[in-house]
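Peer 1: What follows is the residue order along each chain.
There are 2 protein chains.
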Amino acid sequence: MAIPPNVTPAAFDAALAAWRAAVGSEWVFTAAEDVALYRDAYSPYWGEPEERVASAAVAPATLEQVQAVVRAANAHRIPLYPISTGRNLAYGGSAPVYSGSVVLDLKRMNRVLEVNERNAYALVEPGVSYFDLYDYIEQAGLDVWIDPPDPGWGSVIGNALDGGAGWTASPFRDHFGAHCGLEIVLASGEVVRTGMGALPNSKSWQHNRWGYGPWVDGLFRQSNFGVVTKMGLYLMPRPEALYSAAATTERDADIVPMLDVLNRLENEHIVNGSTGIFGGPDGAAASFPTWTCSVPIYGPEKVVRAQMDYAKARFTAIPGVRFTEGELLRTPLSPEAQARVRLVNFGIPNLSTFAMLGRSPSNPDPAGGHIGFSPIVPRTGEALLEFKRFYRENLAKLSGGEDLGIVGPVYMTCWDRTLVCLIMFPIGRDPARNAKIRSAFEGWVRLAAARGWAEYRAPAAFQDLIADTYSFNHHALRRLNETLKDAVDPNGILSAGRYGIWPKHLRKV
Amino acid sequence: MAIPPNVTPAAFDAALAAWRAAVGSEWVFTAAEDVALYRDAYSPYWGEPEERVASAAVAPATLEQVQAVVRAANAHRIPLYPISTGRNLAYGGSAPVYSGSVVLDLKRMNRVLEVNERNAYALVEPGVSYFDLYDYIEQAGLDVWIDPPDPGWGSVIGNALDGGAGWTASPFRDHFGAHCGLEIVLASGEVVRTGMGALPNSKSWQHNRWGYGPWVDGLFRQSNFGVVTKMGLYLMPRPEALYSAAATTERDADIVPMLDVLNRLENEHIVNGSTGIFGGPDGAAASFPTWTCSVPIYGPEKVVRAQMDYAKARFTAIPGVRFTEGELLRTPLSPEAQARVRLVNFGIPNLSTFAMLGRSPSNPDPAGGHIGFSPIVPRTGEALLEFKRFYRENLAKLSGGEDLGIVGPVYMTCWDRTLVCLIMFPIGRDPARNAKIRSAFEGWVRLAAARGWAEYRAPAAFQDLIADTYSFNHHALRRLNETLKDAVDPNGILSAGRYGIWPKHLRKV
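Line order of the protein sequences matches chains A and B.
The numbers in the first sequence follow my numbering, run straight up by one, and end at 723.
The numbers in the second sequence follow my numbering, run straight up by one, and end at 723.
It is worth saying that the hints were derived from the structure and are not from the lab.
Mixed in with the good hints, there may be bad ones.
Identical copies look the same in the list; a pair holds intra-copy or inter-copy alike.
[As the list claims (entries may be wrong)] The calculated lysine-lysine pairs, modelled on BS3-like cross-linking and capped at a C-alpha distance of 25 Å, are:
#1 611 <-> 650
#2 611 <-> 722
#3 650 <-> 602
#4 516 <-> 526
#5 722 <-> 516
#6 417 <-> 602
Turn these sequences into a full structure, and let the hints steer you where they fit.
Peer 2: So, in structure tokens, the structure goes:
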């Protein structure tokens, strides 16, 4: 049996006994084969001493059990790493950031507590996946959509707290931004409700997000200040139709006015679902446009037709830009239509991205996967062209002259006003190759930061590295985060190291 | 010269000397007539011992001066009360919550640092008013709108931090929600930048709000954790037109399906500017509808016409509901149109609300004003009808059988998903009458809280009272706020008592 770092066998035994009493022995895992299930399949340190692994896991089923588990961990100074469903592959999955932590696995807390059709919101527990929430809504026959990210098995809460995004319309695609109200267990075991939930007998917890006084919800995003046990989220009333188009051009420089048009349309909320800008390969062939902007619009048919006409007029005012309208798809989709569309764009969770990445019924668990470097760049064509040159100029050098299978850049308009340039790195099972990938990844982080670009989220193994780049005024924000961390989790038991925030006793000076 | 509470004359002298050295003697105010300018004209304790008044004021002009002032206050334990322009009348104005605090007046920091038309954002200092920002944009000829609240003289930053709202379109109307990135001076004097601003050389500080790791911005809303010295905010590209309509009905119960329709239209982002639901007087006459929903839509002409057709079809599907379309007004407004519209709906700041409330050229400073009790209720017709009954049933009792001039309820859809029921209380200069108003106000707060309704913001004199109602789990949220407060402001020098958060040495047990 593994023991967490800096914990005596006696203290660990005491914590295990308390957890078994609280959740039942069958939900406390210490056997190596059970604990191995929490390994990160995409770890860039797979099988190396630096791989971050759990020492044990405990899976409560209720709020009260979470409180009991956290209290015992706090009393015995056991490092915990809460996960929702642990499916955030490429960002750490279910493995802790601080090796040897005990995974606090919340997947059994999988109740959809409410879906309100009239006010279009849901209240869920951390174990609720996108599949679960979708099924609940379908079975109840409610006329609302969820906004699924690529992997439908992920947790609705976990994805929001990790800063994830989905594939329908703004503002629902910004999953943290679309949440409304949290219930949190602090390191002390205390339960806090935020927003209007702080009012006993509140009837608007999932209506108004801000509540009264400071809004503490942001502290629980990409961090380690508490264990979120309930979350409200805004849902999208089912739009009557999705109408998509693509604006394309063969000329590199056209991306400047094209992105200006897209920005204006999105900032006016005329186009509400743009998900990407695609750059063709170098020296684009006639059959492959140099730049493509996707222009999906959700809403009632007559409205989206008027919006599309307007968008078309704006894009085609740019000389050389072509605008190609696709099919207008009415909802609910017919089975025939379901078979040929990208389901996540219609609020239907699935796992097709994994198929695309090499997973299939005949090969359900291919070794390794990928991690992404996704810096936020300004939403201008100039920044995009600069990133394109930056990628081209540095790829060979940062790959040590080898072809490491790095793929990029993919330009994602994840949310209104945010542009992310994604570079994908394959992760395998060969330590020598993984070391090269890690070295390349680190190189990209450093070079990008020097230009004022940095990531909006990070794989567990690189969370410190990227936190280091957010260093304004001698890391003033990190020091503030540490001050807050020490105050709310004085023993430093929760998710040590997550997003670069370490408890006092583990902090580098 | 007044001296702050719990401060020795020697300590105060030392702080004053440090402030004079930092900002110049002419910007440190200790004379009674200067300090009196910071009184709250709407104080419900006007002229009584309980009126919260400043002991002095200091007005820095730069970030470095703010740091120096805060450092000296921290060293000498002087309570500071930062204000932006101090114009949040009815919510405390420029007077401190903790009587005897020194006002840290930021109105000299009035630079518009950037307005970016292509990405539709601004970066401002706290002294920038809506008038200032509007003038800057007009003079630069930029094609973006601001979202003004009623009083155009208010601070853009102050309004956002107070949780204020404006009168154009969602999502810009939610002023805290529309901000992107803060610069903050902590009680230690340290400067922190949030979001992408934590990255040195960042180029997307006003693009992406979330940045990396926990989002601390929420801590600086309606609170006292730092002094905000810069804020980014999203602006609205000038919409081509505003097209307004009103849905009306004579039957009380019709508000249930009407609000369901409005909610759905807003949650689908088809209607983006609804600002209110108006209830007619009891036993409505034929000339005054029982319920009116305002339906303003912003956007390109063809799009808003399609949206209005859709909204009309939805509203008129309710038997008995009438839908009256107004004029479609194109922007920029002609001078003729400007003269007859409500300017704030077109992004033009002004002070007409004050004229409405009794201020005029011949009576520029009428004694007193009003305060509001504005609980958030669920956005359903049932809740609205319940509130209407609640108001009617309790008005006479809570007014002690007198006509105190209380006016209500006004139903405000301040933001998507939020419904506020406003009751207005006149504040005058007669202590006996003000005492009755205070007593009525307290009664409304207590009765409403018992039904699960509480305020989203509060006049300074009632911030404790309302904080008390947010008491879930023995005031768990307040205790968390206090823990955070003690961590970031260990000497408790910043805005003691604001929104019910007191520093340790002033906390009631």
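Peer 1: For this structure, which hints from the list above don't hold up?
Peer 2: Checked against the structure, the hints that fail are numbers 2 and 5, while the rest are satisfied.
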